[in-house]
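Residue numbers (the UniProt record's numbering), protein chains in the order written: chain A, 1 to 149; chain B, 1 to 169.
Just so you know, the hints here were simulated from the structure itself, not pulled from any lab data.
There may be inaccurate statements among the hints.
Ranges of calculated distance between the beta carbons of each label pair, as one might list FRET restraints [said to hold, decoys possible]:
1) B/Pro110 with A/Arg103: 38 to 48 Å
2) B/Gly3 with A/Leu144: 23 to 33 Å
3) A/Leu87 with B/Ile59: 50 to 60 Å
4) B/Ala99 with A/Arg129: 38 to 48 Å
5) B/Val113 with A/Arg89: 49 to 59 Å
One-sided excerpt, in silico: chain B residues whose CB lies under 8 Å from chain A [said to hold, decoys possible]:
6) Tyr11
7) Gly13
8) Val85
9) Arg148
10) Pro153
Ideal Cβ positions, reconstructed from N, Cα and C, are used throughout, including at glycine.
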Amino acid sequence: MAVLGRLAGKVTGRVVESVQPDVILSHIDLDALLDRIDLNRLLDRIDVERLVARIDVEDLMDRVDVERLLERVDLDRLVERLDVETLVRRSGLPEVVVESQARLAGSVIDLVRRQLAGLDAVLNRGVTRLLRRDPDSLPIAPRLLEDSE
Amino acid sequence: MSGRLTVTGHYAGAVSRATATALDLLLIATTFTIGLAGVNLLTTSFWGVSVRRALPATIAVVVLAFCYVFGFLAIAGRTPGQGIVGLRVVRSDGGPIRAGNALRWVVAFPFSVVPAGLGFVPIVFHREHRALHDLIAGTAVVYDWGERPAELPGPLSAFLARHDDGGSP
Chain A
1 MAVLGRLAGK
11 VTGRVVESVQ
21 PDVILSHIDL
31 DALLDRIDLN
41 RLLDRIDVER
51 LVARIDVEDL
61 MDRVDVERLL
71 ERVDLDRLVE
81 RLDVETLVRR
91 SGLPEVVVES
101 QARLAGSVID
111 LVRRQLAGLD
121 AVLNRGVTRL
131 LRRDPDSLPI
141 APRLLEDSE
Chain B
1 MSGRLTVTGH
11 YAGAVSRATA
21 TALDLLLIAT
31 TFTIGLAGVN
41 LLTTSFWGVS
51 VRRALPATIA
61 VVVLAFCYVF
71 GFLAIAGRTP
81 GQGIVGLRVV
91 RSDGGPIRAG
101 NALRWVVAFP
111 FSVVPAGLGF
121 VPIVFHREHR
131 ALHDLIAGTA
141 VVYDWGERPA
151 ELPGPLSAFL
161 ARHDDGGSP
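Please take these sequences and the hints and turn them into a complete structure.
Shown next as structure tokens:
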């Protein structure tokens, strides 16, 4: 039996050496083979954490040709897919515009108010002089508001 | 920091008060005109009755003016015109006005108007710039620009500061 085993081993070795791999591959139905593989089971056996840990990100990034990548990006199509309205709303830009408009309107109103208060001051100064009043003796505000100045 | 004199809480002068009154009259007239046109359109369309007659229109505008001034004064302490110009009606001691003050202010207002507007003259000459209806209602009108300080123009502030009269209008 031992002799037969050795003989079979030698013959098998010779047969394998003499057979062309291409010939064998041409006889294999790859589709059928792949159908028999359970990919989920295979993936379950992969330790993703370990795989990621082994990846040198810096090296990977160095190998990426960003210029070439950008050339391949269809910007027009990308922009078409963007929801600009949502993007603008999320950026807070409308609130900034409303706030600045309100501030501008407030500034314009204050400018007019200042001119009116100025005219009041000029008129009051004239009346005070005309009536020969002592400006320091005149009350400028009601008692409670004078205290809060 | 701006070099402007602050006048928040100071007695408001005649120019500001006249502007506020003019704005209020404009608002009342505009509201009444639009309202009357709308009501007239409805009554004419549905019942063939026109409400554009002198007496009902006069009564309506007086009621509208009363409600407008009393309502805003009692609730906000200022009419929309006064709000735009930056004025506020307060009690004579500076406290916020009550509904009673607002009612007396509105009822007494015609007394300032009827004698050829003589009731407004004290705004110019009175030491506290109070009109006749202010004196009757126990109120005064002061500058109040809300959160922002009421100010005089920069050049005028500089002039008044040089002449050291406190900048009170």
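Hint check:
In this structure the supplied range 38 to 48 Å holds for B/Pro110 paired with A/Arg103, their Cβ-Cβ distance being about 40 Å. The hinted range of 23 to 33 Å is satisfied by B/Gly3 and A/Leu144, whose Cβ atoms lie roughly 28 Å apart. Separated by about 57 Å at the C-beta atoms, A/Leu87 and B/Ile59 satisfy the suggested range of 50 to 60 Å. Restraint check, B/Ala99 to A/Arg129: a C-beta distance of roughly 40 Å satisfies the suggested window 38 to 48 Å.
Take B/Val113 and A/Arg89: their Cβ atoms lie about 52 Å apart, and the range 49 to 59 Å holds. At its closest, the beta carbon of B/Tyr11 sits 6 Å from a beta carbon of chain A; the interface hint therefore holds under the 8 Å criterion. Because the closest C-beta pair between B/Gly13 and chain A is about 3 Å apart, less than 8 Å, the hint holds. The interface hint given for B/Val85 holds, since its Cβ lies 6 Å from the closest Cβ of chain A, which is under the 8 Å cut-off.
About 6 Å separates the beta-carbon of B/Arg148 from the nearest beta-carbon of chain A, less than 8 Å, and the hint is met. A cut of 8 Å between beta carbons decides the hint on B/Pro153: the least distance to chain A is about 5 Å, and the hint holds.
Violation of the numbered hints given earlier is absent; every hint is satisfied by the structure.
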